[in-house]
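Trainee: Chains as they are written, first to last, in this note's numbering: chain A, 120 to 463; chain B, 120 to 463.
Don't read these hints as lab results, they were simulated from the structure.
Every value quoted in this text rests on a predicted model; they were computed, and no experiment measured them.
Built from N, CA and C at the ideal position, the CB exists for glycine as well.
Treat the hints loosely; a few may be bogus.
What the hints assert, rightly or not - Computed cross-link-like contacts, SDA-like style, restricted to lysine to any residue with a CA-CA straight-line distance of at most 20 Å:
#1 B:Lys306 <-> A:Asp301
#2 B:Lys176 <-> A:Ala171
#3 B:Lys306 <-> A:Gln303
#4 B:Lys176 <-> A:Ile169
#5 A:Lys179 <-> B:Leu174
#6 A:Lys412 <-> B:Tyr334
#7 A:Lys135 <-> B:Leu174
#8 B:Lys176 <-> A:Ser172
#9 A:Lys179 <-> B:Phe212
#10 A:Lys412 <-> B:Asp455
What the hints assert, rightly or not - Sample of chain A residues at the chain B side, in silico, Cβ under 8 Å:
#11 Tyr170
#12 Leu173
#13 Leu174
#14 Gln290
#15 Tyr293
#16 Leu294
#17 Ser297
#18 Asp301
#19 His453
#20 Met454
#21 Asp455
#22 Thr458
#23 Asn461
Number of protein chains: 2
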Amino acid sequence: MSITVKDLARMTGLSKGTVDRVLHNRGEVSRKSYEKVMKAVKESGYEPNIYASLLAKGSKGTIVVLMPRSISGEFWELGEPGFARGAEAAGNFGLEVRKLEYDQYDIEAFRAACDEALAMNPAGIILPPMFKNETFGFAGKLQEKGIPFIFIDSKIECGGYFAYYGMPAYQSGYLCASLLTDDQNVKAVGMVRILRDKHGQSDPTVNRREGFLDYLSEHFPDCKQATAFIDPSHPQGIDAALDAFFAENPDISHIAMFNSRIHLIAPWLEKHPQRRFRVVGFDNLSANVAALKRGTVTALITQHPDEQLASAINSFVNLLVFGREPEVRDNFMHMDILTRYNAD
Amino acid sequence: MSITVKDLARMTGLSKGTVDRVLHNRGEVSRKSYEKVMKAVKESGYEPNIYASLLAKGSKGTIVVLMPRSISGEFWELGEPGFARGAEAAGNFGLEVRKLEYDQYDIEAFRAACDEALAMNPAGIILPPMFKNETFGFAGKLQEKGIPFIFIDSKIECGGYFAYYGMPAYQSGYLCASLLTDDQNVKAVGMVRILRDKHGQSDPTVNRREGFLDYLSEHFPDCKQATAFIDPSHPQGIDAALDAFFAENPDISHIAMFNSRIHLIAPWLEKHPQRRFRVVGFDNLSANVAALKRGTVTALITQHPDEQLASAINSFVNLLVFGREPEVRDNFMHMDILTRYNAD
DNA sequence: AATATTTCCGTGCCCGTGCACGGAAATCAA
DNA sequence: TTGATTTCCGTGCACGGGCACGGAAATATT
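Could you build all of it, start to finish, from the sequences and the hints given here?
Mentor: Structure follows, in structure tokens:
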């Protein structure tokens, strides 16, 4: 049926061993033999039998996933099931998947994790570019070493990344505004943002806000916009901040947040049931879903970091085991809309 | 590292061949030897190496997918990509996946397809129970022969099905009503149904309507309900039917359909732009998505038959290749909400 | 020319499982 | 006891690829 190394050997008049050396670029082969084998490979359409290969070789290598520590109730926890699924699937094909976690606010921890990843001599690396400059430098090193890498969540413009799996951030902001207003005329919307001291907001958040604001100015140019800032590192201050904000803006009836922390404002909203808000946020953190089910949050837009991870791992399986390159580099995952009735 | 047949042989004092006979229930083994081997298997936690197995055996069998012919622009076409994904994944593990299509309105064709499927002596069968009674009988035969089968789309209550992958139909109807009304007070909603001559409506459609009506009566008990019937086999009559319906019910501003044919009423709606409707339907058929993007349809609820199929096939891979039984029999897929801004 | 060195290549075993074949041991028939 | 069956079991090859080892051929060195 299918063509084997032995067939190639027969076709070229060489031996199994020599063909094997050519196939793996292991040298010790004359130019003439090399070309003969390559020709035969092309003409015959030879494809190695992965089972035989896996049986003989054992492991195909290690994939390193470099991501922020998955803290209970925070965004990156959502990636966990995707990591598990991907690791299992990859394991079935002799690929080990290792996770390297770091503190997402500690740039030194990120650097250290990058070094550690390199030290493992991985067959591939998956990472969200949490720190732009550092990621840029790291990408350069990876390219030098010829290690393919995949961005998830967001990407930085640098050559040589193997693939990207993320969400169309701008578009999701646009969608957010559309859901929030539901095409009804809206007088004033409130946006709640996180006060960050050290590092700026993440890229996706910025792009979402852009999309959101564009939708508003396109559909409701007269709509008033106001922004509140809260500081999650001082939870007890949140209520006060919101008190002040909503007192100042009594006309606000619609609220959006562009990160995954919409649950932070749920307590305040539930303490003021007389003011009815329409509220849209992002990501199906369990606290968010709970607020959704209680009716405090109207809708959530989800980006499925788990699927991003699983797809990224799968993409490496295709490359490293089957030798298949992906057709498209930039993959945008579905945005799902969650309401209290399809939150499962 | 891991334990092999040779190890089992050494542990039991028997030979590789005998152990193999036990592992595959191939007989020709004394009771005593049989038990010795089984004990060793349990104690050692032996797991066969699938690569070696696949290499030696070639194919693991055939999975038959028994489904309505995927006609362009109709519901079952949506399953196609899932079939392709599943077949590829299964192929990677030496499982062949074959599709057997039939005319979904021809009960004889369904029977014939069932017979043909049986004749192929498949390792597993995947099917939506399009005809209740026939499926029931077919399920009986499959049980006799010990062939595992998986229901997709909907299920019938019969013992012995291996798994079910579908959508929570009732819940999706509930969601549909919630999206349609958007918690605004609604005076009158219109439902459009398909006129069926031979066979009744499909189960999911009925359940969706139930969920829909329950939501309405719970939230808007005074809301008027009216139903229009159209006949897709006479497309030219649809407009007239809708003309009559909407003339009779001038107060209707909200429309729902519970099957995947919402696109059938899009032309009428677009011919009467002066009447603004809120419209919710099901399934991302390309015609539906087009109507969504044009703004004629407000939202679509999607049930992803492709994911159902892919999951079902995957479930068989786990069973037939890895020997892993699924934890849950009844799997309900996500319902996604599509608006013009996340239709991609 | 004889030896040393490099370049190149073939042989053969291994991975773990599936299975055909043949034969030893046990049971039965005469 | 002998021969004919049946029951049970071990040996050995095949699957396709990876790779170590050793050796032949080609080239360099003296």
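Trainee: Next, verify each hint and record whether it holds.
Mentor: The hints, checked one at a time:
For a cut-off of 20 Å, the pair hint linking lysine 306 of chain B to aspartate 301 of chain A stands: about 19 Å separates their Cα positions. Proposed proximity of lysine 176 of chain B and alanine 171 of chain A is supported: the alpha carbons are some 12 Å apart, at most 20 Å. Of the pairs offered as hints, the one joining lysine 306 of chain B and glutamine 303 of chain A holds, with about 18 Å between alpha carbons and a cut-off of 20 Å not exceeded. Straight-line distance between C-alpha atoms of lysine 176 of chain B and isoleucine 169 of chain A comes to about 14 Å, which keeps the hinted pair within the 20 Å bound.
For the given pair, lysine 179 of chain A sits about 17 Å from leucine 174 of chain B by alpha-carbon distance, which is consistent with the 20 Å threshold. Restraint check: the Cα-Cα separation between lysine 412 of chain A and tyrosine 334 of chain B comes to about 16 Å, which is no more than 20 Å; the hinted pair holds. For the hint pairing lysine 135 of chain A with leucine 174 of chain B, the CA-to-CA distance comes to about 18 Å; that is within 20 Å, so the pair holds. Among the hinted pairs, lysine 176 of chain B with serine 172 of chain A is consistent with the structure: their alpha-carbon atoms are about 15 Å apart, no more than 20 Å.
This hinted pair checks out: lysine 179 of chain A and phenylalanine 212 of chain B have alpha carbons roughly 17 Å apart, not beyond 20 Å. Proximity of lysine 412 of chain A to aspartate 455 of chain B is assessed by CA-CA distance (about 16 Å); at most 20 Å being required, the pair is judged to hold. For tyrosine 170 of chain A, the suggested interface contact is upheld, since its CB lies about 4 Å from the closest CB of chain B, less than 8 Å. A cut of 8 Å between beta carbons decides the hint on leucine 173 of chain A: the least distance to chain B is about 4 Å, and the hint holds.
Hint status for leucine 174 of chain A relative to chain B: holds, with the closest Cβ pair at about 4 Å, below 8 Å. Nearest Cβ of chain B to the Cβ of glutamine 290 of chain A: about 7 Å, under the 8 Å cut. The hint holds. Here the hint on tyrosine 293 of chain A is kept, as its CB sits about 6 Å from the closest CB of chain B, short of 8 Å. Interface restraint check: leucine 294 of chain A against chain B, minimum CB-CB distance 4 Å, threshold 8 Å, status holds.
Annotation: serine 297 of chain A was flagged as interfacial toward chain B, and the flag holds, the nearest CB pair being 5 Å apart, inside 8 Å. Interface restraint check: aspartate 301 of chain A against chain B, minimum CB-CB distance 6 Å, threshold 8 Å, status holds. The beta carbon of histidine 453 of chain A is positioned within 8 Å of a beta carbon in chain B (closest approach about 7 Å), and the interface hint is therefore held. Given hint, methionine 454 of chain A at the interface with chain B, holds; its Cβ is 4 Å from that chain's nearest Cβ, closer than 8 Å.
Taken as an interface hint, aspartate 455 of chain A checks out: its beta carbon lies about 5 Å from the nearest beta carbon of chain B, inside 8 Å. Checking threonine 458 of chain A against chain B by beta carbon gives a least distance of about 6 Å; that is within 8 Å, so the hint holds. Because the closest C-beta pair between asparagine 461 of chain A and chain B is about 4 Å apart, less than 8 Å, the hint holds.
This entry satisfies every hint, going by the numbered hints stated previously.
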